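Colleague: This is what each chain is made of:
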Amino acid sequence: MKLNLKIWRQKNANDKGQMVTYPIDGIDGDMSFLEMLDILNEELIIKGEDPVAFDHDCREGICGMCSLFINGEAHGPDRAVTTCQLHMRKFKDGETIFIEPWRAKAFPVIKDLIVDRSAFDRVMSAGGFVSVNTSGNTIDANSIPIPKHDADKAFEAATCIGCGACVASCKNSSAMLFVSAKVSQLALLPQGKVEAKDRVLNMVKMMDEEGFGNCTNTGACAVECPKEISLDNIARMNREYFGAMISAE
Amino acid sequence: MNTFDSKIPAGPIEKKWSTYKNNIRLVNPANKRNIDVIVVGTGLAGGAASAALAELGYNVKAFCFQDSPRRAHSIAAQGGINAAKNYQGDGDSIFRLFYDTIKGGDYRAREGNVYRLAEVSVNIIDQCVAQGVPFAREYGGLLDNRSFGGAQVSRTFYAKGQTGQQLLLGAYSAMSRQIGKGKIKMYKRHEMLDLVVIDGKARGIIARNLVTGKLERFSAHAVVVGSGGYGNVFFLSTNAMGSNVTAAWKIHKKGAYFANPCYTQIHPTCIPVSGEHQAKLTLMSESLRNDGRIWVPRKAEDSLAIREGKLKATDLKEEDRDYFLERRYPAFGNLVPRDVASRAAKERCDAGFGVNATGEAVYLDFASACERYGNEKVLASNISGATKEEILALGREVVKSKYGNLFQMYYKITDNDPYTTPMMIYPAVHYTMGGIWVDYNLMTTITGCYAIGEANFSEHGANRLGASALMQGLADGYFVLPYTIADYLADDIRTGKIPTDLQEFVDAENDVKGRIDQLMNIKGTKTVDYFHKRLGKVVWNKIGMSRDEEGLKWAITEIQNIRKEFYEDVRIPGIVEEYNPEIDKANRVADFLELGELMAIDALNRTESCGGHFREESQTEEGEAKRNDKDFAYVAAWEYTGNVSEPKLNKEELVFENIKLVERNYK
Ligand SMILES: Cc1cc2nc3c(=O)[nH]c(=O)nc-3n(C[C@H](O)[C@H](O)[C@H](O)COP(=O)(O)OP(=O)(O)OC[C@H]3O[C@@H](n4cnc5c(N)ncnc54)[C@H](O)[C@@H]3O)c2cc1C
Ligand code: SF4
Ligand code: FES
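Chains as they are written, first to last, in the working numbering: chain P, 1 to 249; chain S, 1001 to 1667.
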């Protein structure tokens, strides 16, 4: 198929940036979206132009490195997939495709489609862990049985890949879905309960400091989340947070 | 220079590690504060090591090329992690895991290291659960296990098809805690491009800041390389796009021996190649072989009709199907080890029985499993008079609960529904057993330079068992290196900070700058990927699933040619001091072009077949791999001599005191 790509180009963080049009031909439905961009880049390099910079690594939908706002949707039109798993069969011959970076105050653009998501790492450093040393002297893994239901729920929350689509999809650039997934995972497990209060307070504080917006319950995040992280996690985090606030006072 | 001596402690195998641990030197907490350690890589190995060293009190500088340590390639591991917990009471033990690993590796690994690995495997699970890793559980609340990769016991712990993700996020959160405390300084989007050696000791690295494009110098008292495997030398592999050999290759060129580079693992169950544009391959977890049956048509004309789109898999009657693994290996059937399964699939496809438009695919069929599970459900739920379709539907539900995420991934990529038509699979490169040679302390032949995880050569011999790489990465990082490195660092408590304006740093930085400028100035006509793809084809065809003398000799010349052309005709756009991923790719491909040749040289030298290394010249009458213990029970550790084409071979003889060498037999 033939496509008309409109891609955000921005040399670096200080550049203003603009949309640039690139026609492309010979794309087939079995290609992934990023393979389509690979082809464009090969052409640009041979023509002596600057290739389009985009983030990616695993190309299996698990590392969370790829991003892209495609036709107004984080990770494009397909559901429950990342951009690297999106295939060109989801597009029509002759279609115009708009490709932009994540847009959020907390995620400044580095170049073209690449943004800086370090704010997520800093929120994690504020409390996204269990304070246990890796000495190997911990208790036997089976000494605390965990109901399967809780373990499964914790697992579901833990599948968040930290891609940032939730932030990019939210009109307030809120990071609630991401933060609540980690808070929930650890709050559901006995190992994480001990520090649950401090964790939620510290992570939320850092989230605010990093410039993520407030949550107004629009639910846009969960719609675009490639891992289908549930809004229940936000509700659980709110409960945890208010509980912690009350007992802190 | 560290000596070329494995340094395996004396004494009975069960006592080696504990006795050794109790007798090595320690660094007291106050002194640890004065010691810096560089860890290159934040995968399971590097991430675990960074966290453990920081907890102990060392100042850690950690590096990764991704935008966050959480994205290291370990995240993609699907199936599970082994540990000799014997929770299932099915006869597992440390000795059995040790034995299986040595045997699975075709008797080409060190007994001492492998025993230690089996021993600490038990701690890993405790540790991960304490960190909040949500492993799969049974209804009673205890941890669940599966049997994996042909093991006859259930010792694999898992978290659905995302075990690597959950383990890595555990290590990442342990790192995050130390980053928050300032004990780890995390340098993301940084790529190590050289090692700095001062007075024979590893003392720092030169890294490129991938955002600014500038070179930066970092010093430390020891350097740990946990940069992963080199599977991307094949261009198409199941590795992440950025996985590379550069960090390992740079230390090799500074004096670290590179061991057994020809031992690569080709995984039998990957989604087949669909076209020229393809950038990477996707693995379908090995756990699928627990329920899927592998087959091709019995008649070549049926295969041809399928390739031409005139016939469908489901049209073929039972008697027209060849379940070739079950036929050749009745004892293990579809669960034979990876190398055996991969070669058998290649053999059928080469003989003209392959399916898919390319002829390079075999079926992985879940119809029998759906029927079996469906019947079990019917019995268990007392349903009477269920039709065949209803039984299958019930069975599909069971299959979905086990492999749902894999089936979804397959569907998204291929647009085919694996619940109703068989999956198509073909072998692809997946793991590299070869790597930097290390002694029992995990130290390379450069004093103070360590290699951990997939980057080193150690525990898997010539073939790795499923679910053992995650185990090794975490064992190295959490439980081995933190002890052994102290013994070395004990000498450095009074050294003080190492300044980065020393001449050795200046020289190393100039070398790197010179190499990058050389590449930039070529201004040729072909992209980096063009050369990478060409190299990959040569490596896949000649140093892939089967190798012979003629092909290897040809590969050596061909790789030299591609390398020459690369340095004459590659084109890198843009400038050096900016975000320029084409430079990073070029740096990596330059190293792959040298490594590829060493792989061929190693494969040529090893005229026996063992594990993943199959020499056409060395097979039994039935076409099985034939080992030669008399001449080849050694580790081939290659030394860089200043000329990539003339490496020097050093041999570490393997001594087996606890396990008798026998032929691997899965019939
Ligand atoms: C698809 C897939 C599935 C798998 N499934 C399983 C499984 O089920 N069970 C199992 O046991 N094993 C499995 N494996 C194998 C296993 O995942 C890997 O062997 C293991 O995770 C490697 O861990 P590592 O820490 O050594 O390296 P990696 O996780 O590869 O990490 C490498 C790190 O080094 C960094 N790095 C690399 N080069 C540089 C450089 N030059 N400068 C700076 N940083 C650098 C990277 O940024 C990264 O942080 C699987 C592998 C694949 C590909
Ligand atoms: S919650 Fe979903 S969208 Fe947000 S970072 Fe996690 S995986 Fe991405
Ligand atoms: S590249 Fe890893 S999730 Fe897309």
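Keep in mind the hints are simulated off the structure, nothing from the lab. Only a predicted model underlies this, so the values are computations on that prediction, with no experimental measurement involved. Be aware that one or more of the hints could be misleading.
[What the hints assert, rightly or not] Incomplete in silico selection of chain P near chain S, CB under 8 Å:
#, residue
1, Leu-40
2, Glu-42
3, Pro-108
4, Ser-131
5, Gly-219
No residue lacks a Cβ here, since even glycine has one placed at the ideal position from N, Cα and C.
Colleague: Compare the structure with each hint and give your call.
Modeller: Going down the list of hints, with the structure as the test:
no.: 1; hint: Leu-40; in the structure: 12 Å, violated
no.: 2; hint: Glu-42; in the structure: 5 Å, holds
no.: 3; hint: Pro-108; in the structure: 11 Å, violated
no.: 4; hint: Ser-131; in the structure: 6 Å, holds
no.: 5; hint: Gly-219; in the structure: 23 Å, violated
Hint check: violations occur at hints 1, 3, 5; the rest are consistent with the structure.
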